[in-house]
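Heads up: the protein sequence lines correspond to chains A and B, in order.
Heads up, the first sequence is in this note's numbering, so the first residue is 1 and it goes up one at a time.
Heads up, the second sequence is in this note's numbering, so the first residue is 194 and it goes up one at a time.
It should be emphasised that the hints constitute simulated quantities derived from the structure, not laboratory data.
Watch out, some of these pointers could steer you wrong.
To be verified - Now the stretches of chain B that chain A is said to cover, found in silico as 3 or more residues with beta-carbon under 8 Å:
#1 361 to 373
#2 424 to 432
#3 646 to 653
All C-beta atoms, glycine included, are put in the ideal place defined by N, C-alpha and C.
Chain by chain, the residues run as shown.
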Amino acid sequence: MNDTRNNQRKQVILLASLAVGMLGFAYALVPLYEVFCEVTGLNGKNYGRAVDPAVAQVQAAPSNREVTIQFLAHVGNGMPWEFRPTEHQLKVRLGELKFTEYYARNRAAQTVTGQAVPSVSPGYAAKYLHKIECFCFSQQRLEAGADQRMALRFYVGDDLPAEVHTLSLSYTLFKVPAVQAASPGARLASNQQ
Amino acid sequence: MVAHAADAIPQRSRVWAYIARWLLTTNHKEIGTLYLWLSFTLFFIAGAMAMVIRLELFQPGIQFAEPLFYNQMVTMHGLIMVFGVVMPGFVGLANWQIPLMIGAPDMALPRLNNFSFWILPFAFTLLLSSLFMEGGAPNFGWTFYAPLSTTYGPPSTDFFIFGVHMMGISSVLGAINIIVTIFNLRTPGMTLMKMPLFVWTWLITAFLLIMVMPVLAGVVTMVLTDRHFGTSFFSAAGGGDPVMFQHIFWFFGHPEVYILILPGFGIASQIIPTFARKKLFGYHSMVYATAAIAFLSFIVWGHHMFATGMPLAAELFFMYATMLIAVPTGVKVFNWVATMWRGSMTFETPMLFAIGFVILFTIGGFSGLMLALVPADFQYQDTFFVVAHFHYVLYPGAIFGTMAATYYWLPKWTGHMYDERLGKIHFWTAVVAVNLTFFPMHFTGLAGMPRRIVDYSLQFADFNMVSSIGAGLLGLTQVLFLYIVIKTIRGGEKASTRVWEGAEGLEWTVPSPAPHHTFETPPQFPPIMQRDGR
Chain A
1 MNDTRNNQRK
11 QVILLASLAV
21 GMLGFAYALV
31 PLYEVFCEVT
41 GLNGKNYGRA
51 VDPAVAQVQA
61 APSNREVTIQ
71 FLAHVGNGMP
81 WEFRPTEHQL
91 KVRLGELKFT
101 EYYARNRAAQ
111 TVTGQAVPSV
121 SPGYAAKYLH
131 KIECFCFSQQ
141 RLEAGADQRM
151 ALRFYVGDDL
161 PAEVHTLSLS
171 YTLFKVPAVQ
181 AASPGARLAS
191 NQQ
Chain B
194 MVAHAADAIP
204 QRSRVWAYIA
214 RWLLTTNHKE
224 IGTLYLWLSF
234 TLFFIAGAMA
244 MVIRLELFQP
254 GIQFAEPLFY
264 NQMVTMHGLI
274 MVFGVVMPGF
284 VGLANWQIPL
294 MIGAPDMALP
304 RLNNFSFWIL
314 PFAFTLLLSS
324 LFMEGGAPNF
334 GWTFYAPLST
344 TYGPPSTDFF
354 IFGVHMMGIS
364 SVLGAINIIV
374 TIFNLRTPGM
384 TLMKMPLFVW
394 TWLITAFLLI
404 MVMPVLAGVV
414 TMVLTDRHFG
424 TSFFSAAGGG
434 DPVMFQHIFW
444 FFGHPEVYIL
454 ILPGFGIASQ
464 IIPTFARKKL
474 FGYHSMVYAT
484 AAIAFLSFIV
494 WGHHMFATGM
504 PLAAELFFMY
514 ATMLIAVPTG
524 VKVFNWVATM
534 WRGSMTFETP
544 MLFAIGFVIL
554 FTIGGFSGLM
564 LALVPADFQY
574 QDTFFVVAHF
584 HYVLYPGAIF
594 GTMAATYYWL
604 PKWTGHMYDE
614 RLGKIHFWTA
624 VVAVNLTFFP
634 MHFTGLAGMP
644 RRIVDYSLQF
654 ADFNMVSSIG
664 AGLLGLTQVL
674 FLYIVIKTIR
684 GGEKASTRVW
694 EGAEGLEWTV
704 PSPAPHHTFE
714 TPPQFPPIMQ
724 RDGR
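For reference, chain A alone in the conformation it holds in the complex (with noise of 0.2 Å):
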C-alpha cells in the first residue's frame, strides 16, 4: 500500500511538472516562431537589424550585378499620418551603400507615436537586405501637424540568389498605443535594440 502511495505521489508531480512544462512550451513557441521564421526567411521580416557600418564597409565591395528596391508604404487601422517613400523605386548594385527616405506627416490634432515595421518580398530575400539606418529601428513621434523625413541606409548582400532581381521593401506604420509609447515594452526593446 506504501508503495503505491510512493508511486501515486511521483506519478502526480511528474504529470504536474509536464503540464507545468508545456505552459512554458507555449511561451517558448514565441521565439522559436521567430528563430524559425528567421532560418527560413519566411514571413518576409528583415531580421538584419541594424547593422554595424565599419562591418558594413568591409562586406561591401560593390559587384556590376544590379538589382531593382521597390519601396512601399501602408498605414495600420486608426493611423492618421500621411506616409509615402520618396523614391519609389531604385536600381543597386550589390554591395553598393544606398540611402534614402520615407515622408510622414501627422494629420491628427494631437502628438502621435508610430512604428513602422518592415516586410521584404520575396520573403526568403529578406536577409540579403542590410540596414545601417532605418527609422523602423525605433518609435518616431510627431508632434499634431509636424512631419520628417525618415532616412534608410542599406545594402544588398552579394551573395544575394541569381534569380533575384527585384525586392520589395514595404513599410507599415503602425499607431502605437499611449501606454506602449511611454515605456516601450520589453519584446519591442529586445527586438529593435
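Starting from the known structure of chain A, arrange chain B on it as the hints suggest.
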C-alpha cells in the same frame, strides 16, 4: 444512495446536509453524476443558442438577432459545446466507469476529483455572465483569433479568459487523476493490454489534455497581457505577429478535437462487441491506432491555416500528415465493422447510437479529408462546408457517443431499464434531424456561403430553411432524451447485474444500481460473467 459525506457534519438541516453532501463528496460515482448533469444542463443552454442561430438563418435578412448578438451566440455556442458539454460529459463517464471497469474502489485522488468538478460551475458562470455585460459577450468565434480578441475584443473578453483558465485547471487536474488511477488501481491480472478500450482511449485522452490545456492557458494569458499589460505578442505594431496566435492556438486546437472524440471511439468499442455478441475485432490494432491518432494530432495544426500564406513546403507537409490520420481512423472503422460481421446482432438503443456514430462520424471524416487537400481547402475554408464537417464529427461523433454510453450504462447507474420504445424513437428522430440539419450545409458551403455571418444570399434560402427545421427537431429530441433519463431514474423495469446478454467486463459484475462503494477488495480478473443478462 447513502449520504456518507453528510454523516461527518452536524445535521443542522436537511437542506444543508443535502448541499454539503454534493459539495463535499469524494465518491467517484457522485462526482460522475455531477459532471454528467452539468454537461446536460449546458447542453440545453448552448443548444438554445444554436436555436437562436438557426432561427436567424431560417430566412435571409436580419430578423431576430442583430449582427453583434448573432456573433455572440456563435461564439458562446461553440465555447460551451466544446468546453462545457463534450469535455465534462466524457469526464463524467470516466469518473463513473473507469474505477468500475478496472476494479478500483474509487479514483486515486478523490479530493482532487471533487475540486476539479467544483471549479467548473464557477468557470461557466463567469463565462455566461458575460452575456449580460455592457458590450456583450465575446463575439470573435470560439477560436478568438487575434486581433479580434486583443485589439477589438469587448470588455467581457477578460471574463472569458479567466473562465478558460479555470476550465483548463479543472481539465488538467482531472486528467492527472485519471492517469494515476489507471496506472495504480487496476485489479491484479489486468495488464495494460487487457484494459477495456474505453479505459485505453481515456488514458490517451488524458495525456493529450495534460499536454495541450496548458498551451491554451498560455495563449489566453498572452491575449490578456496584450490587452492590458502592454505586451505585443500578437500585435505587429509592437513587433509581434497575429499569425503566431493561430499557430499557438491550433497547436492546442488540433489535439483538442481528438480529446473530443477519442473517448467516443472507446465507447463504440465497448458497445459494439456487446450487441454483436463477439469479441472486439483487432483489440491491439485499436490501441495502437488510438495512440497513432494522438501522436499525429500534434503535427497537423497547420491544416487550419492553409490560407494564411504558408510556404508550399509547409502546406504539403501538413496536407500529407493530415491525410495520414485517415489510416489509423480507417483501421478503427474497419475493426468496428469487422466486429459486427457475422455477429448475432440485436439493435437496442445503445447499439443504434453506436452504429449511427460509426456511419455518420465516417461521413464527417471524409469531408475532413476533402478539407485536408490544400487547393480544395482554399475554396472550402471559412464556408458552411467546414461547419458541416465539424458538426458531423461532433454531433453524431461526440454527442451520439455520450448518448450511446448513457443508454448503455444507465441501467447500471440507476438500477432501472430505460424505456426501450422511447429510446428507439429518440434515436431515429435524432438521426433524421442531424442529417436534416447538417447535410444541406455541405451544399451551401460548396456553393460559397460563408460561416459566422448573420445574413446570406438569396440562393441559399431553401437549404437554410431545411437546416433550421432539422435543428428545431433536433432540439426537441433532446427534450425527449431528458424525459427518458428522468423516467429511468425514477423507476422502470429492474435491471439485472449483467444488464446485457453479451456484456463483458468488471462493471457488469456489481449489482444494479451500483452500490455507493464497490471493489473495496480487488476483484478477480478476468471476471466470471453471470448468465442473467437480457
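Do at least three Cβ atoms from the segment 424 to 432 of chain B come closer than 8 Å to Cβ atoms of chain A?
holds (count 8)
For the segment 646 to 653 of chain B, count the residues whose Cβ lies under 8 Å from any Cβ of chain A; is that count three or more?
violated (count 0)
Count the residues of the segment 361 to 373 of chain B whose Cβ falls closer than 8 Å to any Cβ of chain A, and tell me whether that reaches three.
Holds, because 5 residues of the segment 361 to 373 of chain B bring their Cβ atoms closer than 8 Å to Cβ atoms of chain A.
Of the hints listed earlier, the one the structure fails to meet is number 3.
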